[in-house]
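Student: Here's the letter readout for the chains.
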Amino acid sequence: DQQVKQNSPSLSVQEGRISILNCDYTNSMFDYFLWYKKYPAEGPTFLISISSIKDKNEDGRFTVFLNKSAKHLSLHIVPSQPGDSAVYFCAASVGIQGAQKLVFGQGTRLTINP
Amino acid sequence: ETGVTQSPTHLIKTRGQQVTLRCSSQSGHNTVSWYQQALGQGPQFIFQYYREEENGRGNFPPRFSGLQFPNYSSELNVNALELDDSALYLCASSLRPSSYNEQFFGPGTRLTVL
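Protein sequences appear in the order of chains R and E. For the first sequence, the numbering used here assigns the number 4 to the initial residue and increments by one for each residue that follows. For the second sequence, the numbering used here assigns the number 310 to the initial residue and increments by one for each residue that follows.
Keep in mind the hints are simulated off the structure, nothing from the lab. Glycine included, each C-beta is placed from N, C-alpha and C at the ideal position. Take these hints with a grain of salt, some might be off.
Computed from the model, here is a short list of chain R residues facing chain E with C-beta under 10 angstroms [said to hold, decoys possible]: (1) 37; (2) 39; (3) 49; (4) 61; (5) 99; (6) 100; (7) 101; (8) 102; (9) 106.
Which residues of chain R face chain E? A partial, calculated answer using Cβ under 10 angstroms [unchecked claim]: (10) 7; (11) 41; (12) 44.
Based on the provided sequences and hints, a complete structural model is requested.
Tutor: Here is the structure:
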């Protein structure tokens, strides 16, 4: 079962405009949500996170919104820059047997066009 | 400060063989998690090691096993390889098992099973 879903495999945005990446989840036990960015031949890099008790977190050009009733979160990047072109993964954190595991979505490939 | 490193970068094995993948955690990190990323999918949690003990496991069969050493580096062993084991294997280290946004990923090992 896919507990975290990113329904858009790809997104293309003009440089300077807003990029909005979406993510849906099904498990109410998730206590933290994170966004990771991945370039080819590199591991995922942490971008921004949000606790399940909050509805917004901002860090520079990046803002994450959490809508618990809809079980939906989104990442806004504004303004978008060419260096933002990468695969973005949404992940949710849940405790399992003393460990904290991350459950990832399938990823969205973001392309920023000049 | 050295980041997370993994070896080898690429590996080709045949069905039924065994493989060992290695991970060196970031300096000061005592927790290592392993993830499997199949093509076109997000990473899936295999297990986590803390203080040389398995500290939580995802939905993977027992032929996936691991070790953590006193210097916190870790190995992932996969026995009786199957074609579906072909994937990118990612290692992530963190300061403690309950870390949320502090999982730092290595570049991964690409395993191909023929």
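Student: Determine for every hint whether it applies to the structure shown.
Tutor: Cross-check of the supplied hints:
Checking residue 37 of chain R against chain E by beta carbon gives a least distance of about 6 angstroms; that is within 10 angstroms, so the hint holds. The interface hint given for residue 39 of chain R is met, as the beta carbon of that residue sits about 8 angstroms from the closest beta carbon of chain E, less than 10 angstroms. Interface restraint check for residue 49 of chain R: the shortest CB-CB distance to chain E comes to about 5 angstroms, inside 10 angstroms, so the restraint holds. For residue 61 of chain R, the interface hint is violated, since its Cβ never comes within 10 angstroms of a Cβ in chain E; the closest pair sits about 15 angstroms apart.
Hint status for residue 99 of chain R relative to chain E: holds, with the closest Cβ pair at about 5 angstroms, below 10 angstroms. Checking residue 100 of chain R against chain E by beta carbon gives a least distance of about 4 angstroms; that is within 10 angstroms, so the hint holds. The closest approach between the C-beta of residue 101 of chain R and any C-beta of chain E is roughly 5 angstroms, which is under the 10 angstroms cut-off, so the hint is satisfied. Interface hint status for residue 102 of chain R: upheld, as the beta-carbon distance to the closest one in chain E is roughly 3 angstroms, under 10 angstroms.
Of the supplied interface hints, the one on residue 106 of chain R holds, with its beta-carbon coming within about 7 angstroms of a beta-carbon of chain E, less than 10 angstroms. Of the supplied interface hints, the one on residue 7 of chain R holds, with its beta-carbon coming within about 7 angstroms of a beta-carbon of chain E, less than 10 angstroms. With 10 angstroms as the threshold, the beta carbon of residue 41 of chain R comes within range of chain E, its nearest partner Cβ sitting at about 8 angstroms, so the hint holds. Because the closest C-beta pair between residue 44 of chain R and chain E is about 6 angstroms apart, less than 10 angstroms, the hint holds.
Of the numbered hints stated above, the single one contradicted by the structure is hint 4.
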